[in-house]
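Starting from the structure of chain A, add chain B where the hints point.
This is what each chain is made of:
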Amino acid sequence: MVKSILLVGVGGQGTILASKILTEGLLRLDYDVKMSEIHGMAQRGGSVTTQIKFGKKVYSPCIGMGEADVIVAFEKVEAVRWLHQLKEGGILLVNDYEIYSLPVLLGQEEYPQNIIERLKDKVENFKAFNAAKIAEDLGNIKAQNIVLLGALIKALNLDGIDWTEVLKEHLPERLHDLNIKALEAGMRV
Amino acid sequence: MKKIMTGNEAIARGAFEAGCTVAAAYPGTPSTEILENIAQYQEIYSEWAPNEKVAVEVVCGASIGGARSLAAMKHVGLNVAADPLFTIAYEGVNGGLVIVTADDPGMHSSQNEQDNRLYAPFAKVAMIEPADSQECKDFVKEAFEISEKFDTPVIFRVSTRVCHSKSLVELGERQEVGVKDYQKNVKKYVMIPAHSRVKHYEVEERLAHLQAYSNRSPLNRIEWGDKKIGIITSGISYQHAKEVFGDQASYLKIGFSFPLPDKMIKKFARMVDKLYIIEENEPYLENYVRILGIDCVGKEFIPRCGELSPEIIRKAFLPQEEKKHYQVDLKVPSRPPVLCAGCPHRGIFYAVSKYKDVVATGDIGCYTLGMMPPLNVTDVVICMGAGISAGLGFQRAALQGGRKEKVFGFIGDSTFFHSGITGLIDAVYNNTPTVMVILDNRITAMTGHQENPGTGRTLMGQPAPVVDIEGIVKAVGIKEENVRVVDPYDLTATQKAVKDAYEATEPFVIITRQPCALIKEVQRKRAGLFCSVNQEKCTKCRACIRTGCPAISFRDNQVVIDQTMCNGCTLCLQVCKFNAVEKVVG
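One line per chain: the protein sequences are A and B, in this order. Mapping of the first sequence onto this note's numbering: residues 1 to 189, in sequence order. Mapping of the second sequence onto this note's numbering: residues 1001 to 1586, in sequence order.
Extracted from the complex, chain A is given alone in its bound form (with noise of 0.2 Å):
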């Protein structure tokens, strides 16, 4: 049985590093992994999702309309433009955070109002909660992304191997302590 988790984020959330370490976690439970990203125009704060796929054999990279088991949305907006890859029954994480695009911020197109309100009628394993602000608080806005792979895991029961070893090795040590605590704040949630 073959798992999809789509991670979608605006670019410069972090949304990679995140998918990184997901990816290295996955393999060390044994299982064969996918992992798709589509960057390039990314960096210029333009719309980006990576995919992950994983089970027993994984062919295609790509998720489809309707096929993601879990959508974790780094943006509330891009949660909205991603729902229909999610799959019927599937979980969507949602951290609680705006980033205006450009048209929003010059007046010409609007940022939706009540989308968490939207989402949770609609979606029956929903959760939402203020990623950024946790990792605000835990001392740097930008370890949002570790917040989120937590949660991301607790979801998932990815139970089974330790996950702040994997993220020890994707990150310099004066940086470790801000993301264990991130994680772990994840994993409450």
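Honestly, I wouldn't trust all of these hints.
As the list claims (entries may be wrong) - On the chain A side, residues computed to face chain B include the following (Cβ under 7 Å):
1) 59
2) 105
3) 118
It should be emphasised that the hints constitute simulated quantities derived from the structure, not laboratory data. Quantities reported herein were computed from a predicted structural model and do not represent experimental measurements. Ideal Cβ placement from N, Cα and C applies to all residues, glycine included.
Just chain B now, kept in the frame of chain A:
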């Protein structure tokens, strides 16, 4: 040992294990990381060439000189390099020669969706297509063997989802093949008509040998499942097909995709009830199958346009299995890529945007985004170099038509080295009165900060001379009084240069010089610098917002600058007529 790798990392690893000793490339998504990873292996000399044609010529020479050599580029890069490709195809190789083309179906970061598989029959060279990272590594090694055995360059064709997907790879040891001796042989290496005429016959003969090999190559394999459906596929399409049909179908999985294995295809077609061809973009496999006189189903169900996915295949062949999905009735705002906060390109585009009869021809790089609102400057983007040369043509059309438009051509520093210099020479030689703006941000930014001839460092991390852009501009004959070098963070100086250029009646060059705001060193140097809005002075005219800086927003009836994004470039401060923006040094 097993390691998780992207396709690009695995291609680099394959080159290392195959004993490759020379590699060259020009950066381009999704191929860039191939050479970045090759540069990690000290055994391989690797370089960024100024463009793909130079890169391919470098590896052609290296191959003739006896080295196993590899060049890598994005799909459109092979257009630039097509000239050497078509003739090295006649000459053949000494050391194995592999040319990687990374196509971008879906155009995640490209200007067109060309399918470079079509190059192989056109240039008459062998082609190989891997479907995952393990195959990327294994097939590169095979590519070098085939190249030397059949005396042919090999096109190694990958696509975005192969390049940028990670999967497990079993690592091997490097095979030290050394550098072969060189024997002078003008009939093989000097393509004058008398030699080429002979060579063309040899190339046709080589294709016959390659076709026989294709039929027995382990790179082409049949995976038997249910024989009601037979699927011929290659590359990433194989993975998508396999996910949709599993063992409910049989597969002819093509890894050696030119020349195609005619006998194998015929045999496979005989053994299955229905034959599907599943491939992205062009009907490359399908056309060949039809030439063999075999009936099949392909492009009538699988679209030519866009990236293929399991979802599209399912819709085409198994519509009853379509997945249910969630929908919520909310209008999602678009999130287009934008020039970053503090981007040095913003100042010059802002200055030019005030001239309504300027036509701007742009080029390939971050500054393509000069077309986006609110700047709306760029009118035309075609390919690398056309920022200058298409501008010359437009200016001529305007003059011929008696119209008053003034052309400003925009090109980046790396792109100027790539193919801007020849356009500049044209402007001087034919005295075309356009303005050419060279946006020198000291790096190849769009593809993720690669070194180039202007950065003072090579791919392998060695210090290098800095190629002098002003020197080139003056040397080709742009008059001293028609050159301006400005800091685009200084709006007054930039506006003055734009005005001079606009009024000029001769070819004119503006060089804007300020390093990319995302360069680590620049970020460190500017840390703590930011601008802030004095709400008492602010009249909410929003002139600052019209610079298109993503750090500035209008929220709760106030103009606010996001201090974490702002790098204190002060463009907003300079456009504010009410002195309401203040610079802070934190």
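These are the hints, each one checked on the structure:
1. 59: At 4 Å from the nearest chain B Cβ, residue 59 of chain A passes the 7 Å test, so the hint holds.
2. 105: 5 Å, holds
3. 118: 5 Å, holds
The structure shown violates none of the earlier numbered hints.
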